[in-house]
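**Q** Sequence:
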Amino acid sequence: MSMTRKIISLLLVILLLPLVACDTQEEPFVMPQETDTLVIYDTPFLTESLLKAITLFRAQYPEVSVEFRRFDSVNNGDITAYHTMLYAELAAGQGPDIILESDTFTFNIGSFKRMESGVYADLEPFFQHDENFQMSDYHEIVLDAGVFQGKRYAVPLSFVSSYWLTTQEILEEEGITIEEDLQDYTSLMNLLQDYRQSNPEKRLFYNIYARQFLNDMFPWNGLPLVNIEEKQVSVDPDKLHYVIDTYRDVFYVESIVNAPSVIPNYGFGLLNRETIFQQQGTLRDMMQAYSALKTTETPILVNIPSFDGKVIGSPNLLAYIRENSPNQLNAYRFLKIMLSEEFQSDMYADGIELPVLRNAMYEKTEKILSTACVRGGMTEYGMLEFSSVSLEEVNTIIDTIYEVDACVIEPAITDLFVAMLPYITREKDFEDCYTDLTNQLTLLLNE
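Residue numbers for the sequence shown follow the numbering used here, beginning at 433 and rising by one.
Derived by calculation from the structure, the hints in this document are not laboratory data. Owing to the predicted nature of the structure, the values given are computational and were not obtained by experimental measurement. Where hints are given, some of them may not hold.
Quick list of in silico lysine-lysine cross-link-like pairs, BS3-like style, CA-CA up to 30 Å [what the hints assert, rightly or not]:
| # | residue 1 | residue 2 |
| --- | --- | --- |
| 1 | Lys545 | Lys671 |
| 2 | Lys484 | Lys799 |
| 3 | Lys634 | Lys742 |
| 4 | Lys671 | Lys860 |
| 5 | Lys545 | Lys583 |
| 6 | Lys768 | Lys799 |
| 7 | Lys663 | Lys742 |
| 8 | Lys634 | Lys671 |
| 9 | Lys768 | Lys545 |
| 10 | Lys484 | Lys768 |
| 11 | Lys742 | Lys545 |
| 12 | Lys583 | Lys663 |
| 13 | Lys583 | Lys742 |
| 14 | Lys545 | Lys663 |
| 15 | Lys583 | Lys484 |
| 16 | Lys742 | Lys726 |
| 17 | Lys860 | Lys663 |
| 18 | Lys860 | Lys634 |
| 19 | Lys768 | Lys583 |
| 20 | Lys634 | Lys726 |
Computed beta-carbon distance windows for the label pairs [said to hold, decoys possible]:
| # | residue 1 | residue 2 | range |
| --- | --- | --- | --- |
| 21 | Glu612 | Arg501 | 46 to 56 Å |
| 22 | Ser819 | Thr874 | 51 to 61 Å |
| 23 | Arg858 | Ser630 | 14 to 24 Å |
| 24 | Thr730 | Ser630 | 19 to 29 Å |
| 25 | Asp677 | Pro557 | 44 to 54 Å |
Backbone N, C-alpha and C define an ideal beta-carbon position, used for all residues, glycine too.
Just need the whole structure built from these sequences, with the hints factored in.
**A** Set out below in structure tokens:
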């Protein structure tokens, strides 16, 4: 080829490059068009919260007709039937405009597959083009738990973190030092195992259903079970063996002698030395117990550390917008309502815990203290007397339970429990159960 031809060819390539780039560049994001409809499905355990959000939405957007569809499966508490119906509709390109997932048992590998298949919209462009939305107003670590394959398919609305309530007096009586015994997951579990063996008749905390508690506590250790993007089982078998052993010896209901049928509220289990830790189910319950314990003791909150000493949180309410929804703008507006201070600071429904909006966390805590921790009296457990909680204590409480180092969605916990139950109940050895687990997860990841 002559020098002239080479030069001409090079010039053609240079001229064509911008055209190729233009063809492959993604279309710029434009906010969806206005519509006058929004379709929302009633969701198990979230009816009250949805109705509150709908009331706020209608006040702000009276021109939009909200269709709130109810289902017998929700009224009957049949979570499985509800989600079977919902996911079938989504797969067919139908369903509500905005979708909520609150029950952690329903969040599984299939949830990520729905993201991957294009069922849900990427919400990052909505946030980026919304001048009234500031990511820094929210707990960004928690919000980023909804990012998958570089796209923000899910938006966490609330989360849970790993903390237990106890008192300084109990820790001193039991010889427990936070700096030494709660450094990481291994040191904590070794402490609890030793305590259980030395005190089989005493309780570490109150009975929690075995499956639910594994579901709650497993993410705390920071041990991933699967790599969804690589479609691989990623769990470390040695660490998993250790986790299941400690769970079986310490937490599983059959390892506890004389389990009571009633779990005392307001921290009476700690006060009466029936237990050394108390996992209060909600922020409201915990604050009531904290305020009541303060009357006679020094309540403290302790984090449950991961293997590397981090504090791990988990989203427990997620929102999605359907990719082919004709009402995406209204769905996004409804999502903004659920992210607003008015909604976030007043979330008391089942399954809704720590708000992702930072200001709402302080407002919700103060609201609980001023309304639910003021009036004592005789209870079935004894005389209840609340004590005031200072602003400094509130700040310490929030720092302990709110400032997580990481927030993870672990989609295979139910599969883990099912596979490991024969080992937990001592019917099979760990190796067989681990093989069953990896086979099941590999099948789910690749189907």
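**Q** Hint by hint, note whether the structure agrees.
**A** We went through each hint and held it up to the structure:
1. With a C-alpha separation of about 27 Å, the suggested pairing of Lys545 with Lys671 holds against the 30 Å cut-off.
2. Under the criterion of a C-alpha separation no larger than 30 Å, the hint pairing Lys484 with Lys799 is consistent with the structure, at around 18 Å.
3. Among the hinted pairs, Lys634 with Lys742 is consistent with the structure: their alpha-carbon atoms are about 29 Å apart, no more than 30 Å.
4. Straight-line distance between C-alpha atoms of Lys671 and Lys860 comes to about 18 Å, which keeps the hinted pair within the 30 Å bound.
5. Under the criterion of a C-alpha separation no larger than 30 Å, the hint pairing Lys545 with Lys583 is consistent with the structure, at around 13 Å.
6. Note on Lys768 and Lys799: the hinted pairing holds, with a Cα-Cα distance of about 22 Å set against a maximum of 30 Å.
7. Pair hint Lys663 plus Lys742 holds up; C-alpha atoms about 26 Å apart against a cutoff of 30 Å.
8. Between Lys634 and Lys671 the CA atoms are separated by roughly 27 Å; this keeps the pair inside 30 Å, and the hint holds.
9. Using a Cα cut-off of 30 Å, the hinted pair Lys768 and Lys545 holds, with the two alpha carbons roughly 25 Å apart.
10. For the proposed pair Lys484 and Lys768, the alpha carbon gap of about 13 Å is at most 30 Å, so the pair holds.
11. The straight-line distance between the Cα atoms of Lys742 and Lys545 is roughly 28 Å, inside the 30 Å bound, and the hint therefore holds.
12. Proposed proximity of Lys583 and Lys663 is supported: the alpha carbons are some 18 Å apart, at most 30 Å.
13. Distance check on the hinted pair: Lys583 and Lys742 sit about 25 Å apart at the alpha-carbon level, within 30 Å; holds.
14. Under the criterion of a C-alpha separation no larger than 30 Å, the hint pairing Lys545 with Lys663 is consistent with the structure, at around 11 Å.
15. In summary, the hint linking Lys583 to Lys484 is supported, as the alpha carbons are separated by about 29 Å, within the 30 Å threshold.
16. Restraint check for Lys742 and Lys726: satisfied, since their Cα atoms lie roughly 28 Å apart, inside the 30 Å limit.
17. Among the hinted pairs, Lys860 with Lys663 is consistent with the structure: their alpha-carbon atoms are about 27 Å apart, no more than 30 Å.
18. Annotation: proposed proximity of Lys860 to Lys634 holds, straight-line Cα distance about 28 Å (limit 30 Å).
19. Straight-line distance between C-alpha atoms of Lys768 and Lys583 comes to about 18 Å, which keeps the hinted pair within the 30 Å bound.
20. Restraint check: the Cα-Cα separation between Lys634 and Lys726 comes to about 23 Å, which is no more than 30 Å; the hinted pair holds.
21. At roughly 55 Å, the beta carbons of Glu612 and Arg501 sit within the given window of 46 to 56 Å.
22. Look at Ser819 against Thr874: about 54 Å separates their beta carbons, and that is inside 51 to 61 Å.
23. Take Arg858 and Ser630: their Cβ atoms lie about 22 Å apart, and the range 14 to 24 Å holds.
24. As the Cβ distance of Thr730 to Ser630 is approximately 25 Å, the hint placing it in 19 to 29 Å holds.
25. One distance hint, 44 to 54 Å for the beta-carbon pair Asp677 and Pro557, holds here, with the actual separation near 46 Å.
Checked against the numbered hints given earlier, the structure satisfies every one of them.
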